[in-house]
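Top line first, the protein sequences correspond to chains A and B.
Take the first sequence: its letters are residues 1474 to 2030, numbered as in my numbering.
Take the second sequence: its letters are residues 7 to 450, numbered as in my numbering.
Careful, some of the hints might be misleading.
[As the list claims (entries may be wrong)] DSBU-like, lysine-lysine: derived pairs with alpha carbons at most 30 Å apart: (1) B/Lys191 to A/Lys1614; (2) B/Lys198 to A/Lys1841; (3) A/Lys1841 to B/Lys210; (4) B/Lys198 to A/Lys1568; (5) A/Lys1531 to A/Lys1491; (6) B/Lys191 to A/Lys1617; (7) B/Lys198 to A/Lys1491; (8) A/Lys1530 to B/Lys198; (9) B/Lys210 to A/Lys1562; (10) A/Lys1541 to B/Lys122; (11) B/Lys235 to A/Lys1541; (12) A/Lys1482 to B/Lys198; (13) A/Lys1817 to A/Lys1841; (14) B/Lys191 to A/Lys1541; (15) A/Lys1672 to A/Lys1617; (16) B/Lys419 to A/Lys1568.
These are computed hints drawn from the structure, not numbers from a lab.
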Amino acid sequence: MPTVIVNNKPVEIGPSEKLNCIQAAERAGDTIPSYCWHHDLSVVASCRMCLVEVGEKKPDGTIAMQPKLSPGCQTPVKDGTVIVSNSEKVLAAQKATLEYLLLNHPLDCPVCDQAGECGLQDYSYKYGRGYSRLQEPKNIKPDKDYIGDQITLFTDRCIMCTRCVRFTREISGTAEMQVISRGTHEEIDIFPGEPCNNKLAGNVVDLCPVGALCSKDFLYQQRVWWLKSKNSVCPGCSTGCSITVDQNEDVLYRLKPRENPQAQGSFMCDEGRFGWKYAQSDRRLTSPEQRTGGQTVSRDWDVVLSSLSTTLADLSDRKPGTFVVTISPWATVEEAYLLAKFAKDVNPNARLALGPVRTVGEDDLYPKDIHGKPSLPTRFTIRAEKCPNRRGVEAVLNHFREEVIPFTTVLHEVENGSVETLFVLGGDPEGWIGDADAAKLDKLKLLIVQDLLASAASSKAHFVLPGAAWAEKDGTFVNHNGLAQAIHRGLRGPEGSRPDGRILFELAGRSGLFHAASLRQEIASQIPELAALSVGDLGEFGVSLTSAAKTEPQPVG
Amino acid sequence: MSTFEPTLLARINKPDSQSLETYRRDGGYEGFKKALGMAPVDVINQVKDSGLRGRGGAGFPTGLKWTFLPKDHPGPIYLAINADESEPATFNNRILMEQDPHQVLEGIAISCYAIKSKKAYIYLRYEYGRSYRALKKAIEECYAAGLFGQNIHGTGFDLDVVLHRGAAAYICGEETGLIESLEGKRAWPRIKPPFPAIEGLFRKPTIVNNIETMACVKQILDRGADWFKSMGVPPDPSNPRDAGSYGPKLYCISGHVNKPGCVELPMGITARQLIDEHGGGVWKGRNAKAVVPGGISMGFLSASELDTPLDFNGPGKVGCLGLGTAAITVIDDHTSMVDVLFNCARFFAHESCGQCTPCREGTAWMHKILARIRMGEGQSRDLDLLNEVASSMGIIPGTTICGLSDGAAWPIKNAIKKFRSEFEEYIQTGRKTVKPSDALMEVH
Chain A
1474 MPTVIVNNKP
1484 VEIGPSEKLN
1494 CIQAAERAGD
1504 TIPSYCWHHD
1514 LSVVASCRMC
1524 LVEVGEKKPD
1534 GTIAMQPKLS
1544 PGCQTPVKDG
1554 TVIVSNSEKV
1564 LAAQKATLEY
1574 LLLNHPLDCP
1584 VCDQAGECGL
1594 QDYSYKYGRG
1604 YSRLQEPKNI
1614 KPDKDYIGDQ
1624 ITLFTDRCIM
1634 CTRCVRFTRE
1644 ISGTAEMQVI
1654 SRGTHEEIDI
1664 FPGEPCNNKL
1674 AGNVVDLCPV
1684 GALCSKDFLY
1694 QQRVWWLKSK
1704 NSVCPGCSTG
1714 CSITVDQNED
1724 VLYRLKPREN
1734 PQAQGSFMCD
1744 EGRFGWKYAQ
1754 SDRRLTSPEQ
1764 RTGGQTVSRD
1774 WDVVLSSLST
1784 TLADLSDRKP
1794 GTFVVTISPW
1804 ATVEEAYLLA
1814 KFAKDVNPNA
1824 RLALGPVRTV
1834 GEDDLYPKDI
1844 HGKPSLPTRF
1854 TIRAEKCPNR
1864 RGVEAVLNHF
1874 REEVIPFTTV
1884 LHEVENGSVE
1894 TLFVLGGDPE
1904 GWIGDADAAK
1914 LDKLKLLIVQ
1924 DLLASAASSK
1934 AHFVLPGAAW
1944 AEKDGTFVNH
1954 NGLAQAIHRG
1964 LRGPEGSRPD
1974 GRILFELAGR
1984 SGLFHAASLR
1994 QEIASQIPEL
2004 AALSVGDLGE
2014 FGVSLTSAAK
2024 TEPQPVG
Chain B
7 MSTFEPTLLA
17 RINKPDSQSL
27 ETYRRDGGYE
37 GFKKALGMAP
47 VDVINQVKDS
57 GLRGRGGAGF
67 PTGLKWTFLP
77 KDHPGPIYLA
87 INADESEPAT
97 FNNRILMEQD
107 PHQVLEGIAI
117 SCYAIKSKKA
127 YIYLRYEYGR
137 SYRALKKAIE
147 ECYAAGLFGQ
157 NIHGTGFDLD
167 VVLHRGAAAY
177 ICGEETGLIE
187 SLEGKRAWPR
197 IKPPFPAIEG
207 LFRKPTIVNN
217 IETMACVKQI
227 LDRGADWFKS
237 MGVPPDPSNP
247 RDAGSYGPKL
257 YCISGHVNKP
267 GCVELPMGIT
277 ARQLIDEHGG
287 GVWKGRNAKA
297 VVPGGISMGF
307 LSASELDTPL
317 DFNGPGKVGC
327 LGLGTAAITV
337 IDDHTSMVDV
347 LFNCARFFAH
357 ESCGQCTPCR
367 EGTAWMHKIL
377 ARIRMGEGQS
387 RDLDLLNEVA
397 SSMGIIPGTT
407 ICGLSDGAAW
417 PIKNAIKKFR
427 SEFEEYIQTG
437 RKTVKPSDAL
447 MEVH
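Isolated chain B (complex conformation):
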């Protein structure tokens, strides 16, 4: 591992890393130039060959997604960039946008060329003020330098990049919710089909990609598909649906560690390595009780599962929903899992968009039950009820339009399964961590 050189984060913390000047000095926009000399389909094939999978959480192969666009569509085709990074404890996109916006923009330019889109929308999370300013400045620089606009480099390729600030909602990170929000509507995810690649933004074919994916696309064009594929984990032969996890990945480390932060590593590092080698170990000399593998909707790794490789396939083998955003949150052994889970439930109850009945009511109900348990009024049957609610709202596939409900239900089921004895003890001893009045206020 010591020989690994970061690429996505190579320019982070360098002086004036946001400017076009330093970016070009470091070889910036050469990949874009290279792409402009290729046929769009060759760019797609190169991305396909690299095995790049979307970095937003679901891990869908990027090149494959691009091929879902209708053939020979007269246009317009849109590229929507998901910069709504709203999964708790996830900040890899923020670092890229704040520190190296041009890397992201070059990836966007290449992707637009590949999918024959003339317009890209960056849907930026509202809270990211610094990212907004950095991206805005970088986009202006690109227009001034003729990298965006009409007839780029005399190739006849036009590109407009629009930076759009969302109004802060978790659901805007869901691709069709994002599209609705971009259209100026309430961010209620759409029913599928049609998928966005067929009918997306303004009812036109649309590709939705993540910021980090864009940075990867840039690196792939620079360094080639083979370089990308030289890192990571090949497909698991026991899982026919696993397409392998290649390339570098930005891992976010937060929670009870000595050195939280974002590190770039080849896919497939274990949670234990992340904590010990990159996060400076669990703080205060304590042990980790649980680790969130990648955003709280993925569930929990228990202490015994810390050696799980964090690739697209690994967390699923120990009962987590997936890799998610690869943002680990470390929970030390002094922390009550009831509190952790309550916090999760509160988050999802707050963020459920309210469109589908099971999610709207289920998230709020689980929040109420956990609030009651924290008030010391839990009964052991509550755990079974939580499990049942979680199952009926999310585990049967198809119960809701989007995945928020699955994501809200998974940590509940996961925590009760892996830490049931702790929950039972909490309930039986009637432990109260909050005063009743506080708990009630939190519910309503």
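Excised from the complex, chain A in its bound form:
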């Protein structure tokens, strides 16, 4: 195995791995500070923060160091490469570079959104000096409020790492961002009248190592150190981007992409990034309800659930095939399993259907070329299938019933009277049923709606069970590629709602508490297609359901 020596520590790298000094040092547990380098963008080596001493260990054991400092990002490592990142010479260069970066930086950390997660702050604290030796006035560059609908630029905070410029050129391919002027008067800007509004634009805010590019949505909403983060998965489409959910006191403030080479890479799209507002809207169902003849009978969880349980048990003497359970592809694997199993337990003749799978247009591939057409290689994909877990729900349905009934068939059967009882597990934030289709539901003898948002169906349901948004529950999503990832409960839903898993757990009369990891193990033992879930804890990056996908590298995006 090739061995690299980082600050006298030998560290092994893979035989075919192409790493630079920064990555090799990370393996050894050392940090080489850097700003402009990003593993998904091209190397420009311009911030000069990652200067290190590089040398080579000769076969005879002697070490020959290069006399000059080399940028760690630009220097590939191979067997015998020696990296020194803590010598006096290196520290002096880091200190000097930081002083340069801070010369014209406004140091308005108290009002800066980035404070607390700022590369400049962190490294200044670690490597910089405590005061500025600049006696002259700082350069003042005008802020640019409108870089895009979601992005604002605090020009004077910028350290010219050009990550944003490279992102729009290399990942989105839309090339809205550019550098104008020269030398210390340089600024990031857009072309006049060409704002950065591409569907991946929000990523430039994450890429910005300082507080220059800010998200208008998050601006001045929270100090980041109050935020609590939980790993989750974006429910916006079947790509299943790994994300973190940042909340404080049960208010969701932002989603950020979490690097996962198995899922989407390092980024996420703006549809997902800003598309979570429904979860905190006043359209949320906040009270369970049992209705008879249009009159509310009860709003008490215990009463509603036990009454529903009894009602469903009584159905067993009805005509076979008249009880249908529809499970939305927004539901987690655990919820789908609990509901399907419960339905089959109370009524072996229950039929299972897949809720409406919403698709919009075609898969949106990036980068785009100058004509707006996708160019290869694809770096990011926004999928047309807007639900996060069709594959997971289908796997459960396939297990309990040979075929997956599409929702249109269910509606048709409702209309012609062959379905009398319908249990809908919803979750599509855009609404899964229109008024015309909802009118068909009037024929039903019994309608149970478990959903998070009020809809035309929930208003006529006999039982309404307010569920939770994805950020408010634990579970598993399986993306388009068969990657099972865990979502975690980041915050509590509005009062009155309950995580869907817990509702179904209680409805099924199971003992104990809903616990996603244990349920995964149970599911894995029952459903061969989901056997990979037997690990229980899916970890940070998820588990691939297909063994083929385990061995082959996953296409990014």
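Use these hints to put chain B onto chain A, whose structure you have.
Just chain B now, kept in the frame of chain A:
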């Protein structure tokens, strides 16, 4: 010295020196013809044997640079000619291009043949309007005469020469900055490796040479490597990295002299000789306080160092960065070195491309400090600060992608070292040469 006959400048100021007709009458394009009869590798060897070193400033051996191209490359290979002559006080290329464009073009044709390139790009500084017109006309003449184009002289050698006008930036004189600019991008120097000889213009192998180098190549083909090597200074035995400085060189003389201009002399003449014998002495009967040996990024020669031979090795021995473009600027003893240095710093702050942090911020910071000193608000610790900034931005090798930062830092360090007492006196007496308002305007 009196027996020296100029060759590069032999046709300068002759009537109609730009035309192909007079050039051919003077034996023009015979060297090219000769080259076409040789194997390309023999042309390279002849240039190698001559000991020609690049005239652009760095002094890298030209023949050696050509051999860095990948062997048996299917092409295309490009020759990019650096005519962006943007080092202050340097105008040797301009004189060649304006007065004798065909000499340059013949050198280009020979070089292209040697490196098997079918396309040469001349990257011309925008401000050189007269050079542009002269070169454009000369190129058209060459196409019309069948010297450029397809199947030249029936040898099967094709050559296209493209004249490109830059948009005026110092950084475009850096070879990879030039390449980026030629490609239509922002002239931000590239990270190396890969070097241009491996991956340059349009990601193809590219050689970047200076205009004067091209003129030298032409003369070498005409007169032979031995003629070229008969002039100049052999390698310094005490400097193993010195490859010797051979051949004629165009020296530019400017500043406080009676007769500024461009003269051709064998390598190795001293600054004092240039001033006294060729520049007509320091003006107004004054003495020289300092001399810039070759573009301000090289630093300064103090009055006591005027006998330094101006070859590739000489200036380095007295603490200058090198010979640079061999354009001396004479500063008389009535001039404040603070003003001189301020001007240098202003230039580099303006011209830093802004890619690397140390250069972008360092040049501007040094400019601000010197502006403050000129306003009479300097403190003696400012000199140490300037020194430290200059050291951290340029003197440690590798701090930046290209050499601009070293070039910006060197005169600062050099001037403070050699003229420290003058700076200290300036600061202590609180001398003000500009009104505060002016100084501030110059900073921003």
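Here is what the structure says about each hint:
{"no.": "1", "hint": "B/Lys191 to A/Lys1614", "in the structure": "holds, 24 Å"}
{"no.": "2", "hint": "B/Lys198 to A/Lys1841", "in the structure": "holds, 29 Å"}
{"no.": "3", "hint": "A/Lys1841 to B/Lys210", "in the structure": "holds, 25 Å"}
{"no.": "4", "hint": "B/Lys198 to A/Lys1568", "in the structure": "holds, 24 Å"}
{"no.": "5", "hint": "A/Lys1531 to A/Lys1491", "in the structure": "holds, 20 Å"}
{"no.": "6", "hint": "B/Lys191 to A/Lys1617", "in the structure": "holds, 24 Å"}
{"no.": "7", "hint": "B/Lys198 to A/Lys1491", "in the structure": "holds, 18 Å"}
{"no.": "8", "hint": "A/Lys1530 to B/Lys198", "in the structure": "holds, 23 Å"}
{"no.": "9", "hint": "B/Lys210 to A/Lys1562", "in the structure": "violated, 36 Å"}
{"no.": "10", "hint": "A/Lys1541 to B/Lys122", "in the structure": "violated, 35 Å"}
{"no.": "11", "hint": "B/Lys235 to A/Lys1541", "in the structure": "violated, 34 Å"}
{"no.": "12", "hint": "A/Lys1482 to B/Lys198", "in the structure": "holds, 28 Å"}
{"no.": "13", "hint": "A/Lys1817 to A/Lys1841", "in the structure": "violated, 48 Å"}
{"no.": "14", "hint": "B/Lys191 to A/Lys1541", "in the structure": "holds, 29 Å"}
{"no.": "15", "hint": "A/Lys1672 to A/Lys1617", "in the structure": "holds, 20 Å"}
{"no.": "16", "hint": "B/Lys419 to A/Lys1568", "in the structure": "holds, 20 Å"}
Hints 9, 10, 11 and 13, counting from the list given before, are not met by this structure.
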